[in-house]
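Q: As a plain string of letters, each chain reads:
Number of protein chains: 2
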Amino acid sequence: MDADKVFRALADPTRRKLLDRLYARNGQSLGELCEDLEMARQSATQHLGILEEANLVSTVRRGREKLHFINPVSLHDVYERWVRKFERGRLGLLHDLKKQLEGE
Amino acid sequence: MDADKVFRALADPTRRKLLDRLYARNGQSLGELCEDLEMARQSATQHLGILEEANLVSTVRRGREKLHFINPVSLHDVYERWVRKFERGRLGLLHDLKKQLEGE
DNA sequence: TTGACATGCAGGTATCTACCTGCCAAATTT
DNA sequence: AAATTTGGCAGGTAGATACCTGCATGTCAA
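So the protein sequences, as listed, match chains R and W.
Take the first sequence: its letters are residues 1 to 104, numbered as in the working numbering.
Take the second sequence: its letters are residues 1 to 104, numbered as in the working numbering.
In short, the hints are calculated from the structure, not lab data.
Check before you lean on any hint, since a few could be wrong.
Simulated restraints, written as ranges between beta carbons of each label pair [as the list claims (entries may be wrong)]:
| # | chain 1 | residue 1 | chain 2 | residue 2 | range |
| --- | --- | --- | --- | --- | --- |
| 1 | W | 92 | R | 37 | 23 to 31 Å |
| 2 | R | 24 | W | 39 | 36 to 44 Å |
| 3 | W | 52 | R | 66 | 38 to 46 Å |
| 4 | W | 87 | R | 62 | 25 to 33 Å |
| 5 | W | 37 | R | 43 | 30 to 38 Å |
| 6 | W | 43 | R | 92 | 25 to 33 Å |
| 7 | R | 61 | W | 84 | 28 to 36 Å |
| 8 | R | 66 | W | 62 | 37 to 45 Å |
| 9 | W | 35 | R | 61 | 44 to 52 Å |
| 10 | W | 65 | R | 14 | 36 to 44 Å |
Below, computed lysine to any residue pairings styled on SDA-like, alpha-carbon distance capped at 20 Å [to be verified]:
| # | chain 1 | residue 1 | chain 2 | residue 2 |
| --- | --- | --- | --- | --- |
| 11 | W | 5 | W | 83 |
| 12 | R | 5 | R | 73 |
| 13 | R | 66 | R | 42 |
| 14 | R | 98 | W | 53 |
| 15 | W | 66 | W | 28 |
| 16 | R | 85 | R | 3 |
| 17 | R | 85 | R | 19 |
| 18 | W | 85 | R | 81 |
| 19 | W | 17 | R | 87 |
| 20 | W | 66 | W | 83 |
| 21 | W | 5 | R | 20 |
| 22 | R | 98 | W | 27 |
| 23 | W | 98 | R | 17 |
| 24 | R | 99 | W | 26 |
| 25 | W | 85 | R | 99 |
| 26 | W | 17 | W | 43 |
| 27 | R | 99 | W | 61 |
| 28 | W | 98 | R | 87 |
| 29 | R | 99 | W | 59 |
| 30 | W | 85 | R | 19 |
| 31 | R | 17 | W | 89 |
| 32 | W | 17 | W | 66 |
| 33 | R | 85 | R | 96 |
| 34 | R | 66 | R | 26 |
| 35 | R | 98 | W | 52 |
| 36 | W | 85 | R | 73 |
Note that CB positions come from ideal geometry on N, CA and C, so glycine has one too.
Produce the complete structure using the sequences and hints provided.
A: In structure tokens form, the structure reads like this:
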């Protein structure tokens with residue numbers, strides 16, 4: 001897994017919106033995904049390319065269409081490596097912060 | 001919570017490194033955090049500013065030093081809004097993908 | 001086979017980002 | 001008080017990023 005690609009891919013609101021829309025209905029074509037994005041098709045293509053590069057989305061061609069599917073593997077890896085770690089230490093970290101804000 | 005700020009903050013490898021270093025030892029000063037970052041102090045200041053803007057780091061001044069603490073609240077919010085959602089649907093999403101790769 | 005439809009490719013531009021250098025202010029130490 | 005340490009502020013630059021337009025290719029349907 002390339003954590004950098006995944007984080008960078010998630011850093012853009014349009015791409016997060018695309019993931020949300022795919023979550024709502026998986027397997028949409030490029031045209032469908034573009035519909036209410038308020039940007040040119042080319043821009044959406046670029047965004048989807050970045051999501052694909054990060055392995056957050058996988059595609060399948062069907063005739064002249066390209067169908068997009070969420071690939072949850074990368075996201076799960078990020079969770080394992082990043083979120084769980086901080087989640088485990090969460091209460092301790094909050095304690096450090098609170099203690100310091102109170103003036104030691 | 002401003003999801004956009006949080007994701008953008010996490011998108012840079014230097015900033016993720018800073019979070020890791022703070023996780024290893026919470027409450028470090030700017031100087032300490034700079035030590036083996038191989039970049040000018042000013043650059044690190046900027047990165048820490050972005051982490052602070054995103055509420056991923058909180059700071060306390062002590063004399064001429066500025067101490068940095070991980071603030072796990074934003075990260076937890078991102079987890080709730082983004083990771084858990086996809087985590088819940090994970091097996092279903094994988095199924096969609098697999099089915100399609102096999103040709104329906 | 002011809003026209004309509006879905007997507008790909010090339011390139012161009014304005015803004016954002018991650019660095020830098022140089023100088024300044026405040027707190028501590030001697 | 002003078003020197004040192006710690007951090008802040010201003011501004012400048014190269015490259016990345018997020019858009020765009022225009023044209024080409026492949027697929028389906030009439």
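Q: Would you mind marking each hint as holding or not holding in the structure?
A: Hints versus structure:
no.	hint	verdict
1	W:92 with R:37: 23 to 31 Å	holds (25 Å)
2	R:24 with W:39: 36 to 44 Å	holds (41 Å)
3	W:52 with R:66: 38 to 46 Å	holds (41 Å)
4	W:87 with R:62: 25 to 33 Å	holds (28 Å)
5	W:37 with R:43: 30 to 38 Å	holds (35 Å)
6	W:43 with R:92: 25 to 33 Å	holds (29 Å)
7	R:61 with W:84: 28 to 36 Å	holds (32 Å)
8	R:66 with W:62: 37 to 45 Å	violated (56 Å)
9	W:35 with R:61: 44 to 52 Å	holds (51 Å)
10	W:65 with R:14: 36 to 44 Å	holds (40 Å)
11	W:5 with W:83	holds (17 Å)
12	R:5 with R:73	holds (13 Å)
13	R:66 with R:42	holds (14 Å)
14	R:98 with W:53	holds (18 Å)
15	W:66 with W:28	holds (8 Å)
16	R:85 with R:3	holds (15 Å)
17	R:85 with R:19	violated (24 Å)
18	W:85 with R:81	holds (17 Å)
19	W:17 with R:87	holds (17 Å)
20	W:66 with W:83	violated (32 Å)
21	W:5 with R:20	holds (18 Å)
22	R:98 with W:27	holds (12 Å)
23	W:98 with R:17	violated (23 Å)
24	R:99 with W:26	holds (12 Å)
25	W:85 with R:99	violated (33 Å)
26	W:17 with W:43	holds (14 Å)
27	R:99 with W:61	holds (14 Å)
28	W:98 with R:87	violated (31 Å)
29	R:99 with W:59	holds (12 Å)
30	W:85 with R:19	holds (11 Å)
31	R:17 with W:89	holds (17 Å)
32	W:17 with W:66	holds (19 Å)
33	R:85 with R:96	holds (16 Å)
34	R:66 with R:26	holds (12 Å)
35	R:98 with W:52	holds (16 Å)
36	W:85 with R:73	holds (14 Å)
This entry does not satisfy hints 8, 17, 20, 23, 25, 28, going by the numbered hints stated previously.
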